[in-house]
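Residue numbers (UniProt numbering), protein chains in the order written: chain V, 1 to 409; chain X, 1 to 409; chain E, 1 to 409; chain L, 1 to 409.
None of these hints come from the bench; they were simulated from the model.
Keep in mind that the hints are not guaranteed to be accurate.
Treat identical chains as interchangeable: a pair holds within one or across any two.
Below, computed lysine-lysine pairings styled on BS3-like, alpha-carbon distance capped at 25 Å [to be verified]:
#1 K176 - K69
#2 K15 - K77
#3 K255 - K210
#4 K245 - K210
#5 K15 - K351
#6 K250 - K210
#7 K378 - K210
#8 K210 - K68
#9 K210 - K247
As a plain string of letters, each chain reads:
Number of protein chains: 4
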Amino acid sequence: MSSSPAKKQNTGGQKGVVVLAYSGGLDTSCILLWLIEQGYEVVAYTADVGQDDDFEAVKKKALQCGAKKYVVKDLKKDFVVENIWPSIQANGRYEDRYLMGTSLARPCITKGMMEVVKEESAQFISHGATGKGNDQIRMELAAYALRPDIEIIAPWKMPEFYNRFHGRTDLFEYAKMNNISLPVTPSAPWSMDGNLMHISYEAGILEDPKTVAPSSMFQMTADPLKSPDEPDQIEIEFKHGVPVKVKNLKDGTEKNDALELYLYLNELGGKHGIGRIDIVENRYIGMKSRGVYECPAATILIEAHLDIENVTMDKAMRRVKQELSLRFSEQVYEGYWYSPENEFVRHCIHKSQEHVEGFVNVLLFKGRAHVTGRHSPKSLYNEELVSMDVKGDYEPLDAKGFIKVNAVR
Amino acid sequence: MSSSPAKKQNTGGQKGVVVLAYSGGLDTSCILLWLIEQGYEVVAYTADVGQDDDFEAVKKKALQCGAKKYVVKDLKKDFVVENIWPSIQANGRYEDRYLMGTSLARPCITKGMMEVVKEESAQFISHGATGKGNDQIRMELAAYALRPDIEIIAPWKMPEFYNRFHGRTDLFEYAKMNNISLPVTPSAPWSMDGNLMHISYEAGILEDPKTVAPSSMFQMTADPLKSPDEPDQIEIEFKHGVPVKVKNLKDGTEKNDALELYLYLNELGGKHGIGRIDIVENRYIGMKSRGVYECPAATILIEAHLDIENVTMDKAMRRVKQELSLRFSEQVYEGYWYSPENEFVRHCIHKSQEHVEGFVNVLLFKGRAHVTGRHSPKSLYNEELVSMDVKGDYEPLDAKGFIKVNAVR
Amino acid sequence: MSSSPAKKQNTGGQKGVVVLAYSGGLDTSCILLWLIEQGYEVVAYTADVGQDDDFEAVKKKALQCGAKKYVVKDLKKDFVVENIWPSIQANGRYEDRYLMGTSLARPCITKGMMEVVKEESAQFISHGATGKGNDQIRMELAAYALRPDIEIIAPWKMPEFYNRFHGRTDLFEYAKMNNISLPVTPSAPWSMDGNLMHISYEAGILEDPKTVAPSSMFQMTADPLKSPDEPDQIEIEFKHGVPVKVKNLKDGTEKNDALELYLYLNELGGKHGIGRIDIVENRYIGMKSRGVYECPAATILIEAHLDIENVTMDKAMRRVKQELSLRFSEQVYEGYWYSPENEFVRHCIHKSQEHVEGFVNVLLFKGRAHVTGRHSPKSLYNEELVSMDVKGDYEPLDAKGFIKVNAVR
Amino acid sequence: MSSSPAKKQNTGGQKGVVVLAYSGGLDTSCILLWLIEQGYEVVAYTADVGQDDDFEAVKKKALQCGAKKYVVKDLKKDFVVENIWPSIQANGRYEDRYLMGTSLARPCITKGMMEVVKEESAQFISHGATGKGNDQIRMELAAYALRPDIEIIAPWKMPEFYNRFHGRTDLFEYAKMNNISLPVTPSAPWSMDGNLMHISYEAGILEDPKTVAPSSMFQMTADPLKSPDEPDQIEIEFKHGVPVKVKNLKDGTEKNDALELYLYLNELGGKHGIGRIDIVENRYIGMKSRGVYECPAATILIEAHLDIENVTMDKAMRRVKQELSLRFSEQVYEGYWYSPENEFVRHCIHKSQEHVEGFVNVLLFKGRAHVTGRHSPKSLYNEELVSMDVKGDYEPLDAKGFIKVNAVR
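Isolated chain V (complex conformation) (with noise of 0.2 Å):
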C-alpha cells in the first residue's frame, strides 16, 4: 500500500453527505474510513432483504469507523411484493435457469437507498462492487434511473483508490491503523451474497468451472442426499398469477401473507433440497461467470405458475407473452428493472395474468418440486372436449379440412 497512514481527516464531512451501502465487511467498512478521510460525511445504509446479518453488530462497526448515522430499512416484504411477484408471473429465468435472487433484490436496495438519500439530503451514493461484476451496473443503474442528478462514489473503480488498495491485505492494514476491529474468521474460499429468494456463490474455488461445489456451502438447502426420505406435499393457491396461499396437505398449516408464505416455502424447499443450481452464465458485460445458487421458494412457485398459467392461459396469448417473459429476464439480469421498458413489459406481463388463477398440487422430495394436479375455477380444460369418447364442438371431418388446408403450402 502506496498511502500514508490516515488519520481519519474528519474535517466535517465539507464535500458533502454521501449514502454508502455498507454491511458491515471488510470493503465497505475500509471504503467507509476513506469517504471520511476524503472529506465527505458518511450516512452508512443497510437493506434488509432478509440475508442473515445482524445489524446491530453491522450498526456498531459502522458508527466505530466514523458514520454519521447508520440506517436499516426492513425491505422484506415489499422485495416479495414487488420485486419477486412480477418474475413468479413472468416465470423469469436468465438464460433458462437462473431466478434472478440478485438481480431482482438490486432494485429494491436501491430503492430504499434512496429514499436514504431523499431523508439525508444526500447528494452522493457510493458501494463497494467492482468494475466486472453485474452488481455495479445494476445499482447504478437503478439509482441514475430513480435520481438522474445523483453523483455516485464508486471506489473500485477509481484510481486513486484501487491503485493504493490492491487486495485484501491492504485494505486490513488500512483498518487497522483505522483502529478497525476485524474478524478473525478465515474469509471462505468463495464469495457469497445472500437475501431471502436466494444466496448465490461464486469466485474462489468456484471460479474453476469443473470444481463441485462442497455440500458444506450451502446454507439455505439441505442436500439432497441427506434431505428427508419423506416427501411433504402442497397446495399453492393463486390468483393473478401470484401465490396467494400455501398448504401444508400433511400438517394443515396455511400460510396467507405474501412475505409468511415465501419464508414457508423457503423453509419446506430447504428442508427438502430444492432449488440448487449450478451454472455458467454470461454477465451483461459480456464476460462468463460460474455461479452457484440455492433459491428453495422461487424454485417451487415458478414450477407451479407454469403449471397453473398453462391451465388458464389461451394458448397464442401464451407465445406472446413467454416472449415478453424473455425480455423481462433480460432487462432485469442487466439491470434495467427501473427503464421504460421493463415498466412496460411488467404491466404487459401483469396484464395477461388476469385469468391465472387456480390451486396446484406439489411433491417437495430429494431436491424436485414435482407438480403433481391442479384445478382451477378459471380452467380453459374443457374435460368433455378433450376426451375421445365424447363429442366436442367440432366434428372429425373439420380435423380432416383443417390437415388439408395447413398442408397446402
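For chain V, the structure is supplied; the task is to place chains X, E and L on it using the hints.
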C-alpha cells in the same frame, strides 16, 4: 353398431394398396379388417422406434386379419440421430416443459412409412388416430410433405366409419365377427404411447387434471420415492452440440454409439426416476390436454446441453439461437418437421452448435439430473478475466463509462 | 346446373332466421334466394364501412329476392376508431407492406352483423365468401368468437350448393328463373373489395403476377404520373399514438373529428396518388396471392406515426413494441381480432402509446408521403446532448469505457 | 487553446506506428499533426468506399502534415458485395426506415484499415470520431474484433486532446501554427458523411428536428419536385436474394457486374429523386438523433427484394427470417458486424435466400420506386390454386373444417 356383419369381401384389393400404420391393437386391427372390406389390399406397417412391442405377435395378428404383408422397420438409430439429436441441440421443449417424445417420433415413423409406400407401390396410407389429437396432424402433414399426392384414409374422421363404430364395444364385436382373437386383458384406465425416447400417458382417469397419476403407471422410470439412495455420477461429452460419449464415473462404463449411449442414459435415468413430468399442454388444435410423461435420457441430455452450450456460445448469439429454439419446438410439436421453416430452423440451429463441445458432469439422484461441473476446450470462459484479483482486458474505469452511457436514456 | 327450377318455396322460414351479409350482387342475391328455398327466413344485412354502394338499390334488390328485412348499419366511425386507430398505433403492416384494409374491416362488419343477429333473434349467419380466401376465415372466426353457438351457412363450402352452381352462368340462370333482374354491366376483369380504408383488387387478369395493373382500375387514387405538379403540405397532430388533428398548411383546412380527418387524408392522398401497392402476399391458408391495393390515408398516417413514435418512445421499449406489432399484424390478417391474444397485444400496444404525441409535417406529392419535420412536447430528443459542441450528460471518456467493455466478448 | 505552439517534435516516431483514418479535413489533419507531436509515426489511410473525394489532394495534405505514408484502398466492390448485398438479403432497415449506409461501410473501412495495420506492422490505429456518435463504436468494435490486441488512439475521447482543442477555432489555429493550409470554403451548416451507398446529413441546422432540410443540401438525388416527368422502367433479376442483372426497359441498358449495376441504380434512382428519408433515430448509446439520408440504389433494391422474396419464400419461413432480419439490422447499426451473433445471423439469412430468384419490374418516378410486376422460375405462386374458378388441391369443405378447428379456443 348399425352395420351388417362384415363378410370380409376380400375382392382382391381392386381399390389399390394401402399401407396401414399397424400396432396389433383393437383399433388398428379393426381398421385393417375394414379396409379389406372396403376393397383395399393392406400392407401392415410397424415402425420400431424402441417401443415395447412383440413384433412377431403383431405380424401374426396382421396376417390373421388379412394383411397382404407385414413390414417392421427398425428406425431406432435414425430416430436418435435424425430426430432426437436436433432437438437436444435446440434444447427442444414445447411450452417450457414437454420434450416432445411423440412429436419427434412422428416424422421418423412417417418417413419409414413412405419408404414402404414406395417399396410396395401403394397409393394410400391409413392410420388409427382420431380427429382430436396431435398425431393425426403430425403424421398427415409429414406424409403430404414427403408425397404431396398420397391419399390418406383416416377412418376415425370418416362418417362411414365413425358412425358405424361408436366405441370399443362395437370394435370388439366387429373383430369377433371376423374371428379375430383379442387380448383378454382389460385395458388400462389411460391411454399410452411409447418409444425409446419416452412414454406418454393421457386420457382415462388422467383426464381430470387434478387426479394424481398412480405410481404403478410408469414403465420407464422408478418412483423417486423408491429409487436408489446412492446417486450415479456421469460425464457426458458433447461435440457440435450432440453427445458423443457417456461415462459412468462410478463403474467406468463408457458408451460412444448414439443409440447405445441413449439407451444407457435411459437405463440410468430410469433407475433414478428422472424425467417424469405432469402437465397440461396446448394441443395444436387449441384445446388443452393433460399429459404425464417419462423421458429419462433426454431430460439428462438437455440439462447437460444447456450447460455446455452456455460455456461455449457467445451471449448475443445465444439469444438469437434461443428464439430459433422456441420456433423449433412449436413447429415440431405442430407436426411441421418436413416443412421449409423447420428445415431452415434446424439448419440454423445446427450451425450454431459448431463450437458447442466439452464435458459435463451430472449427478443422477431421486428424480433429478443435477449438473455439478463442466470443462471445454472451446470454453469462452476466461478464468483470469472473471477473477476479482487479476486485472483483465479492461480497466475498472471502463465499467464506469459503460454504465454512465447506458444510463443516458 | 343440375337442379330443378327453384320455386321460391317460401315455407315460412321454418328452419329459422338467417342474417345474410348481402351486397346486392349476383352471388349474394342467389344465396338469398337459395336460403329461402332451403326454408330459412332471411334478414339481409349490409355494413356501411365506407364502400361505394347505393344502399337504397341494395335494399330494393334484397326485398325483391324475398328477404324478410334489410338492415344497413353505419359503421364508418366505429371502423376508424376501433379498428384503424389500433393498427396505426401498431404501424400495422402484414408482411412489411399490406396495410390490411380488408382484414381490419372484417371484425367491424362481423360485430355489426352479430348485433343484427341479436336484434333479430337469428340462429344463423350466412355469407358469400369462398373456401379459398381470407374473408371466410376472418368473418367466421370473428363470428364464433362473438357468439360461440352461432351456426354459419357458407354455401360456397357446401356440396349441395357448389355442386349445383358451377360458375357465374349457373348463378345468372338461377336468378333469372327467380325473376331477379341483374346488372347488365359486364363484370370487370378482376375482383374488387372496398371500404373507406382501401380498395383491393385481385383475381382475373391480376392473377398473373407479372401483369401490370391497368391505370384505369384505380378508384381512390390518381395515377402519380398524372397527379398534380404542386405538392400539398400537411401537419398531423398525434395524441396517444392516434391522429387528433390534420391541418393543410396551404389552405388552412383543419379536421379534428376522427372520421372526417380520415376521409380528408383519403382525399388529399388520393389526389396525389399516394398509397398504391402491388404485392404477392401469403394468405392465411398458405397459398400465395397477388393483390393490388390503394390505401391513401393509412399510408400517410403510418409514415407520420412511425416518425412521431420514434421521437417520443424509448429505444429499448420500441424494440419490444415492434415485436408486438408484428404479432398484431399476423393476428389481424389471419382473422383473430376477437381473440385473447389480439386483445392482449392491442392492450399492450395501446399502453406503449401513452407518450406518443406531437406534430409531424408531411409533404404529399406524386405517390409519396414524405415526412419533412416534427416536434413534440414529449420529445425524448435532447438537442443539447446530441450537439457536437456542447458537453452533455456524459464525458467523452465514458464512451471509451463503453466500447472497451462491449468488446470484451 | 491552452497549449504552447506545437513545434512538430518529430522525434522519429519512437512510440510506434499509427494507422490514422484520414479524410484530409481539418479534424483528422490536426490529429495527424498531434500524433506526430506525441511521438508516433503516422500512416494516413483512406478507404475508397465511393465517397466524392480527391485522393490526390488528400495524399498531398497527409504528406504535408508529416505522414510517413499515405494509403488509399479501393474497397468499392468489396463494400457492395460483402456488406450491401447481405443487407439487401436481410431487407436491412434500422428502426423500420434507415438503410444503414454508414453502418454497413464501417466494417468494410475498418477491415481495409486492419490490412494496412498488418502491411505496415502498426501497433495503433487512430480516428477522428467523437464520443457521442455511432461511428466510434462501429469502428472500434470492428477493430477489436479483427485484432483484439490493437490499441486505439481516439483523441476526441482523450482529456489531453479535448481539453486542449475546444472547437474548430482551436483546431484551425493549431493547423496554422503547423503551416498547414486550410480550405477557405466555409463549412456547411450541417455535417455530412458519404459513400457509394448513401450520403447522410446531420447536426447543424438539422439538429432541430422540425427544420425542413434545404433542397440544395442533397447531392445524390434530384428533388422529386424537379425530377423528370417521364418515369423509367427497369427489370431487376435476383439470384440467391441478390441482384445479378438490371435492365432499363426503355433504352435496353444492361448491367451485370455488382458494382456497375449498383452505381447504375444510384444514377437512375438519383435522377428520379428516390431514396430520401428524414428521420429521428435512436443511436446505439441511447440518445436520439435526427438524420437526413439519400440512398437511391438500396431503396430500389429493397423494394424489389421484398417483392421477389415473398413470391419465392414459404410463409412460415418468412416469419422466422423476418425476426432474424430485425436482429441483423440492430446488430449492424450497433457496430457488431464482426461478431459471432452477426456472423451467425448472416449465415442464416444467406441460407434463407437459396431460392429467392426471379425478375421484378420497377417503375422509377418522382421519389418512389414502385413495383409493378414480377415473375420467377422458383415461384411458389400457384395460379391455378389461387383462381376462384378452378378447384385446386383442397376442397371447399376442407376450409370449413379448418376454421371450425381454429375457432375451438
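Hints, one by one, checked against the model:
Taking the closest pair of Cα atoms, K176 and K69 come within 25 Å of each other only inside a single copy of the chain (22 Å); across copies the shortest separation is 59 Å, beyond that limit. Proximity of K15 and K77 under a CA criterion of 25 Å is satisfied in neither setting, with 35 Å inside one chain copy and 59 Å between copies. In this assembly of identical chains, K255 and K210 lie within 25 Å of each other by CA distance solely across copies; the values are 22 Å between and 40 Å within a copy. Taking identical chains as interchangeable, the C-alpha atoms of K245 and K210 lie at most 25 Å apart only when they sit on different chains, with a minimum of 18 Å there against 40 Å within one chain.
Taking identical chains as interchangeable, the C-alpha atoms of K15 and K351 are never at most 25 Å apart, the minima being 47 Å within one chain and 43 Å between chains. Proximity of K250 to K210 under the C-alpha cut-off of 25 Å is restricted to the inter-copy arrangement: shortest distance 17 Å between copies versus 39 Å within a copy. Taking the shortest Cα distances, K378 and K210 sit within 25 Å of each other only across copies (14 Å), while inside one copy they are farther apart (46 Å). When the C-alpha separation of K210 and K68 is checked against a cutoff of 25 Å, the pair qualifies neither within a copy, at 46 Å, nor between copies, at 52 Å.
Taking the closest pair of Cα atoms, K210 and K247 come within 25 Å of each other only across two copies (16 Å); inside a single copy the shortest separation is 39 Å, beyond that limit.
When the structure is compared with the earlier hints, violations turn up for hints 2, 5 and 8 and for no others.
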